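Protein chains in written order, with the numbering used here: chain P, 1 to 392; chain U, 1 to 287; chain X, 1 to 255.
Careful: at least some of the hints might be erroneous.
[Stated by the list, open to error] Partial chain P-side listing against chain U, Cβ under 8 angstroms, derived:
(1) 72
(2) 130
(3) 149
(4) 245
(5) 248
(6) 296
(7) 316
(8) 319
Derived by calculation from the structure, the hints in this document are not laboratory data.
Just so it is clear, the structure is predicted and the values come from calculations on it, not from any experiment.
In this text, a Cβ means the ideal position worked out from N, Cα and C, and glycines have one as well.
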Amino acid sequence: MNTQNKLPVEKKKIKAKYFINYVFVLALLIPFTVTGLSGSVKGSTSLLLTQIAYSMILAVSLNLVVGFLGELSLGHAGFMCVGAYIGGFFANYLHTIIDSKLIVLILSMLVGGIMAALFGLLIGLPTLRLKGDYLAIVTLAFGEIVRTVFMNQEIFGGAMGLSTQKYGKLLYIIALTVALVTVFVAQNLMRSKHGRAIQAIRDNEIAARAMGVNVTYYKLVVFVIAAFFAGIAGVIYAHNTTPVDYGFFSFNYSIEILVMVVLGGMGNISGSLIAATVLTFINVKLTTHLSGDFAALKFLIYALILILIVMWNNAPKLAVLRNRFNLRRLVDSMMKKIRKKHESAAQEPGSNVEWDRIPTKIPMDTILSTDITPDHSLDPEKPEKPEKGDKK
Amino acid sequence: MNTLINGLCLGGIYALIALGYTMVYGIAKMLNFAHGDIIMVGAYAIFSTMALMGHAVPAIVVAVVVCTLLGLLTERVAYRPLRGASPLAVLITAIGVSYLLQSIAQLIYGSKSRAVSLGNFGSVELFNVSISISSLITLGLCLIIMVALTLFIKKTKVGCAMLAVSEDRAAAQLMGINVNGIITLTFAIGSALAAFASTFYLMQIPSVTPTLGSMPGIKAFTAAVIGGIGSIPGAMIGGILLGVIEKLALSIPALAPYTTAIEFGLLIIILLVKPTGLLGKKRREKV
Amino acid sequence: MSEYMLETRNLGISFGGLKAAQDVNLKIKKNALYGLIGPNGAGKTTVFNLLTGVYRPTTGTFFLDGVELTGKSAIEINKRGIARTFQNIRLFSNMSVIDNVLVGMGNQSKCNLFESIFRLPRYWKTEKELRAKARELLRVFDLDDERRTMASNLPYGKQRKLEIARALATNPKLLLLDEPAAGMNPQETAELMETIRFVRDNFDMTVLLIEHDMSLVSGICDELMVLNFGTMLAQGSVDEVLSNPEVIKAYLGDD
Numbered sequence: 001m002n003t004q005n006k007l008p009v010e011k012k013k014i015k016a017k018y019f020i021n022y023v024f025v026l027a028l029l030i031p032f033t034v035t036g037l038s039g040s041v042k043g044s045t046s047l048l049l050t051q052i053a054y055s056m057i058l059a060v061s062l063n064l065v066v067g068f069l070g071e072l073s074l075g076h077a078g079f080m081c082v083g084a085y086i087g088g089f090f091a092n093y094l095h096t097i098i099d100s101k102l103i104v105l106i107l108s109m110l111v112g113g114i115m116a117a118l119f120g121l122l123i124g125l126p127t128l129r130l131k132g133d134y135l136a137i138v139t140l141a142f143g144e145i146v147r148t149v150f151m152n153q154e155i156f157g158g159a160m161g162l163s164t165q166k167y168g169k170l171l172y173i174i175a176l177t178v179a180l181v182t183v184f185v186a187q188n189l190m191r192s193k194h195g196r197a198i199q200a201i202r203d204n205e206i207a208a209r210a211m212g213v214n215v216t217y218y219k220l221v222v223f224v225i226a227a228f229f230a231g232i233a234g235v236i237y238a239h240n241t242t243p244v245d246y247g248f249f250s251f252n253y254s255i256e257i258l259v260m261v262v263l264g265g266m267g268n269i270s271g272s273l274i275a276a277t278v279l280t281f282i283n284v285k286l287t288t289h290l291s292g293d294f295a296a297l298k299f300l301i302y303a304l305i306l307i308l309i310v311m312w313n314n315a316p317k318l319a320v321l322r323n324r325f326n327l328r329r330l331v332d333s334m335m336k337k338i339r340k341k342h343e344s345a346a347q348e349p350g351s352n353v354e355w356d357r358i359p360t361k362i363p364m365d366t367i368l369s370t371d372i373t374p375d376h377s378l379d380p381e382k383p384e385k386p387e388k389g390d391k392k
Numbered sequence: 001m002n003t004l005i006n007g008l009c010l011g012g013i014y015a016l017i018a019l020g021y022t023m024v025y026g027i028a029k030m031l032n033f034a035h036g037d038i039i040m041v042g043a044y045a046i047f048s049t050m051a052l053m054g055h056a057v058p059a060i061v062v063a064v065v066v067c068t069l070l071g072l073l074t075e076r077v078a079y080r081p082l083r084g085a086s087p088l089a090v091l092i093t094a095i096g097v098s099y100l101l102q103s104i105a106q107l108i109y110g111s112k113s114r115a116v117s118l119g120n121f122g123s124v125e126l127f128n129v130s131i132s133i134s135s136l137i138t139l140g141l142c143l144i145i146m147v148a149l150t151l152f153i154k155k156t157k158v159g160c161a162m163l164a165v166s167e168d169r170a171a172a173q174l175m176g177i178n179v180n181g182i183i184t185l186t187f188a189i190g191s192a193l194a195a196f197a198s199t200f201y202l203m204q205i206p207s208v209t210p211t212l213g214s215m216p217g218i219k220a221f222t223a224a225v226i227g228g229i230g231s232i233p234g235a236m237i238g239g240i241l242l243g244v245i246e247k248l249a250l251s252i253p254a255l256a257p258y259t260t261a262i263e264f265g266l267l268i269i270i271l272l273v274k275p276t277g278l279l280g281k282k283r284r285e286k287v
Numbered sequence: 001m002s003e004y005m006l007e008t009r010n011l012g013i014s015f016g017g018l019k020a021a022q023d024v025n026l027k028i029k030k031n032a033l034y035g036l037i038g039p040n041g042a043g044k045t046t047v048f049n050l051l052t053g054v055y056r057p058t059t060g061t062f063f064l065d066g067v068e069l070t071g072k073s074a075i076e077i078n079k080r081g082i083a084r085t086f087q088n089i090r091l092f093s094n095m096s097v098i099d100n101v102l103v104g105m106g107n108q109s110k111c112n113l114f115e116s117i118f119r120l121p122r123y124w125k126t127e128k129e130l131r132a133k134a135r136e137l138l139r140v141f142d143l144d145d146e147r148r149t150m151a152s153n154l155p156y157g158k159q160r161k162l163e164i165a166r167a168l169a170t171n172p173k174l175l176l177l178d179e180p181a182a183g184m185n186p187q188e189t190a191e192l193m194e195t196i197r198f199v200r201d202n203f204d205m206t207v208l209l210i211e212h213d214m215s216l217v218s219g220i221c222d223e224l225m226v227l228n229f230g231t232m233l234a235q236g237s238v239d240e241v242l243s244n245p246e247v248i249k250a251y252l253g254d255d
């Protein structure tokens, strides 16, 4: 066995790419936890941090569906609504029996998330067989149904909305921690055999089936996980805003989450985190300064973001330009250069894989010696190249 | 009885909008999310012309022209560059266009509702029920438009070309059909129908807001899906069915708050039982 | 076990009134390299679609290694050991080359969802094994250097190769190749022939391929089957089939 047959061993590199996401969240979590515990965080900052946290959770979870699975869900706010009402209601009940706010919060988040996940299962099971546009409309319909149903239940406060308890700075610490967990789950899921199957479905469903990928199962898994986190985001919202306002969970909010996903980049978790933070921040600052009809400006900007970014990324005619100014590819080529230097510096021996069986390349002389012209001498009646007639 | 007539009337409007959806979906293979908002623009066009000239007829003409041009513009600027891109991208762009139109309307006209009166037509007694004339006009004109459209597609050369493009775009192109031209024409027709829909809508509900189009738009799409997307009679049946159900549900106090839920619930049930809608055809992806 | 790897009995499908394929009777011996040829529109790809569960046959049955697979889903059929490539390349274009292969290997990992998300030891173990295997496979196809490239950025010939590698990754018993040499230049075709032969010998594989390139077909196939208008025209050794007057007529027309 010659040395040429040895592969450079895949080194266990610490992949900065996958840690950067945690860093984004931790950059908010750590300093504000410290200042929060020492007791000097303004109420408005605390509200803003919570909003950023649940936006992050929503954007990352929607990205699982839109960016990784490649299906458009327009009912993400609907799952959030389920979580908000059920989780908020449950927390109000828990308060009467449990003193610890932390436990109440965590239990209610679990219950809200699980209920939303159940709804995800319920709606996903029959509808995920539908294709693209149909699924979008069904999820949209679902969001509207959920909203009208909760709005009309007296036990959830009816049109007045559901009043909930306040949690103060504990809420944003927990909320940001949940955002961290969301990133953990999303990222680990996508960097596994399951995640690869999910992305395969996005890229080519027929081929995925032919490769034995259980398409329905994976669609359902993504749908349910996304619904679960949307539900938790809803519970966090419910504890940040009282009374819970059913109007908030309208189709508009589903679109707002979609804008975060598109702006951050489909299938890009860091992008979702940044976009969620920036948009939420701007949103909160804008609404305090702009009022009335100028709120339309916000949606004008959202609309332009959706149109321009999607067009830039997808228009067939822009492919050349796109490749020239592709940020990711620039970074990749830079990384490649660095890696090359690295690898040539340290050629590691001792791969544990046996390579004897497999030649590196099929040697050139075998190819040249292969007889590739059919032998027609046995067949005098046959015209010279019968196969030509078959070619297009 | 009155509820039924009202339902038929609303159903006619839904059917008109649904026709626009179904034609565009059938031929361009995309869900034009902004279709509902073209109705809104039509309504504002009527409002503005009425304010300037005070007469309904030129207002309707202006609305038809504005909507048609807008349909052509959105197709040219937003959708055509994405032809051949993934359906997800096209759908998101269409949602973007929808929001763009809404927010521009809001910036120009404000979010308050504006009153538009296309005139009072009074009502007639028929079988001991008083029916407003505007309802009858709406219903009658909707029927005429639908029949005309069906004839156009069945009997004319252009209609045939449309059918061909919807069956197989590549093959149609090979047969010398100008596919881009047909798609543009489809958008033009769909948008012109939307202008009529906005006229009828204003006859029923004489006020206009920037979000006027979004709910009827989504419901009409629902109607198109229920009837079977791509099918013209399907759009009519779906539209009328949905309109009647909506008015019936609204007339029963216990169900009234859940009207939207019922309509969308119907959509989900129909898609589960018959994923292609009532009159839809099955499509196979070529491998 | 059966003498034949694949056996079809009167397999057929009709779309509406059109019989796209009927009475297809294939008998493919283990470890053999078979070619399926025929003029355009003869129903070759339809046969592949029947064998891989994309279409459900309206008549007949088929068996893989003695096990009946008629009417099973595409996923189930792949699990039982039939893998395929596509005439119009269907790679997972936004995924890296190695990820394409790893998707195919998904069935060889017992790692469940929970273990993956929480990165339990089995995740690391299977992931490492799969990656090693995937690279081994990529090296056969001379794609290892490009394993991090996005599949859509590969040159055309390499995309075709990657499709074969991906199909092999599912660890099949029978490999169906739909026009593997389409669009390749003669040198690439020659290289591909060698790869296919290599795969057959070293992976203990039975191969059925559709091909228009007669030099490839006659160069490597043990036996040929000819389809025309959805029916079997001839079956036999390469020389036999290519000298069959019926076959020549089907290709060149009646004159």
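Open item on the list: Hint validation: residue 316/P versus chain U, beta carbon distance must be below 8 angstroms. Holds or violated?
Closed with: holds (5 angstroms)
Task: Interface hint compliance - residue 296/P to chain U, C-beta minimum distance less than 8 angstroms - done: Since the shortest Cβ distance to chain U is 4 angstroms, the answer is holds.
Open item on the list: So, as I understand it, the hint says residue 72/P touches chain U; can you test that by seeing if any CB pair is closer than 8 angstroms?
Closed with: Status holds, d = 6 angstroms.
Open item on the list: Holds or violated: the hint that residue 130/P contacts chain U, with Cβ atoms closer than 8 angstroms.
Closed with: Holds - the Cβ of residue 130/P comes within 8 angstroms of chain U, reaching about 6 angstroms at its closest.
Task: Restraint outcome when residue 245/P is required to lie within 8 angstroms of chain U by C-beta distance - done: violated (17 angstroms)
Task: When the least beta-carbon distance from residue 149/P to chain U is tested against 8 angstroms, hint result - done: Because about 6 angstroms separates residue 149/P from the closest Cβ in chain U, which is inside the 8 angstroms limit, the hint holds.
- [ ] Under 8 angstroms, Cβ to Cβ, is where residue 319/P needs to be relative to chain U, so tell me if that hint holds or is violated.
- [x] Violated. Min distance 10 angstroms.
Task: Restraint satisfaction for residue 248/P [CB to CB of chain U, less than 8 angstroms] - done: Violated - the Cβ of residue 248/P stays beyond 8 angstroms from chain U, reaching only about 16 angstroms at its closest.
In this structure, the hints that do not hold are numbers 4, 5 and 8, in rising order.
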